[in-house]
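Using the sequences and the accompanying hints, generate a full structural model.
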Amino acid sequence: MKKLNGIRLKHRKNTENCATVSLPLPHKIKLPMSMHMGAPCTLMIKTDDTVKVGQKIGDSDAPFSVPIHSSVSGKVTSISDYQTPTGTVCKAVEIETDGRQDISEEVKPPVITDKASFIKAVRESGVCGLGGAGFPTHIKLNPKTEIDTLIINAAECEPYITADYREMMENTEDVLCGIRLVKEKLGIKNAKIAVEANKPEAIKKFENMAENDDTIDIVTLPSSYPQGAEKVIIYNTTGRIVEEGKLPSDVGVIVLNISTAAFLCRYSRTGMPFITRRITVDGNAVGEPKNVLAPVGTPFIDILNFCKTDIDSIKKLISGGPMMGMCIPDINMPVVKTTNALLAFNHYDERKTSACIRCGRCVNVCPLGLMPAEIDKAYKIKDIDDLKALKVMLCMNCGSCTYVCPANRKLAETNQLAKALIPRK
Amino acid sequence: MNKLIVSPSPHDENYTKTSLIMLNVCIALLPALAAGCVLFGLRALLLTAVCIGSCVLFEFLCRKLMKRENTIGDLSAVVTGMLLAMNLPVTLPLWMAVIGSFTAIAVVKQLFGGLGQNFANPAITARIVLMVSFPSAMTHWVVPFFWREETADAITGATPLALEKGSELPSYLDLFLGNVGGCIGETCALALLAGGLYLAARKIISLAAPLSFIGSLALLSFIAGDDPLYQILAGGVFLGAFFMATDYATTPISKKGKIVFGLGCGIITFVIRHFGTFPEGVSFSILLMNVLTPYIEQLTRTKVFGAKEAEKNEG
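Protein chains in written order, with the working numbering: chain A, 915 to 1339; chain B, 17 to 331.
These aren't lab readings, by the way, just hints derived from the structure by calculation.
Only a predicted model underlies this, so the values are computations on that prediction, with no experimental measurement involved.
Here are some chain B residues pointing at chain A (derived, C-beta under 8 Å):
#, residue
1, Ile21
2, Ser25
3, Asn30
4, Leu131
5, Val320
6, Phe321
7, Ala323
Backbone N, C-alpha and C define an ideal beta-carbon position, used for all residues, glycine too.
Structure (structure tokens):
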């Protein structure tokens, strides 16, 4: 089977052998009410309230949303407007920790009997896709169509990030238990764990543990970016093509991030909602790159200090990987549920864009076979019909085209701008 | 504390820049240039230097006149100069070479907007302009190694394709090594092949166009009863296929498009050689296909993964 295009990146997985360390409890945390895809939550507490670990502090009536829980025990000091790195504004709660970490009475193992109660429990856990996009998991696990394959996304194709890898190495048992839980409750026959070839240790570990289970397959993917993109991973593991406008569930597949699967297992046992997450801290401004387990809401500066970062030297701070991660404008912004990495760099070269030489590298690397050079031209003259014909709407912003462009043209960015020109139906 | 810089992703970059690509093309042309110097004497080097120098100068002056950013640093003018020199007979007066450079850089490249915007290959167009303007100087071929001879005057000889019917043809080995009359850089197939394969190995060119060009020419020659091996080794086929039919700006981007482009070049070259009055048709074939490139491009767009065909009621 022909594999989709990809690019070879330097993996730079410097932290792959760094066992996860817990961050000392921060003095103050900030919890924005919008951390993932979907409607922002409405606050359930007010200033001066005391909160406990695992207490629900925000929820929404919208089905496409997940509740937010406090990751610490302490006192609410302020509620203010907060601008997220994507530019949207929502409310944010500031909580001063009391150091006791009292666990809320709300935290108790969920009663899961059938599919409906499972989906409800998943929503209550506050979990969303932990790979970075943050799609609400309970929506993903409740498709309208018949599912025959569960794909566990363990590609982790972005450079630097090893958060999912550490989950695989440290909590292998949880991952398998999570997979079995989802399979059983949703009645899915087969599961495939898709791992990039650059993680041989993890592949070996899973192969040993799932040896006696023929319903769980380990699929080794080539180490090329963007292997973990949903459409790419579905095609490369099952050969199925998710067509334009369709969802993975339309081809009988659910793709779940490996850390999400492991979390679901732990939640079913303890009932502790999603309040801490593992973050890979790396980049050349970081003195001691680490994998840190931090409460959601921890200010980035606390984590950077914990990793002996030269704060004054930072020029660029990225939440996520270097290919798709987002720039953080303020070092005091908090960790959210989808923060899988924090990269601090002390250099930034302004790249000078020059004329397109039509070398075709962008076309050759696009995993979806788009033609960024042509889209760039059509965008310049605002030719909406041509942009539609070039299928710019399918671009997933993996950034491969910009990465390879010898003229430093910002093609991925242009694709996003071009999308905005096309009227939505 | 610095102000944090915010920019859209990706934040990583690779280091293959335009100038590095152009530098690699220059490197790939060095074997052909070296062969030209060995075969036709050191004047080949002088002519090449004049072409490169004048191309870079015209590039600089044009950008200055148009009040645009100086682009000689991207080395594309150096490539054009080198390619132009490869397409000239070694005896060409230097001032004619400068006219060629002017045509290539000022007229074909900069008037259309500079690097990547020209619709025709600058070096090919310059060769054709010179050929039409100075037909005798442009077809004044000398026999290889004439410079070793005692006589002061160069001995003229015809190119393999212009030989009278019935005269003794050069051997395949002579053709492969370039021991025949012709332009500085087009006779030695071995050196051109080495350069072309170097570019392919560095992933700078795709072999789709060269292979379909050479393949279709060989096949058509075979069908028509010409000697296919002789046809592809003689004349400018290798220079055209590896260095001109792979030019980024003037050939299609997609692989399908490149194959169509190569096929077109092969067919036109065959038609000109077999039926036309010109002995050689490589330059014309590439120029004609350059003109067709936008249309080929429209028809050979890549298939987008999972894309639906356009709905009939749309728009």
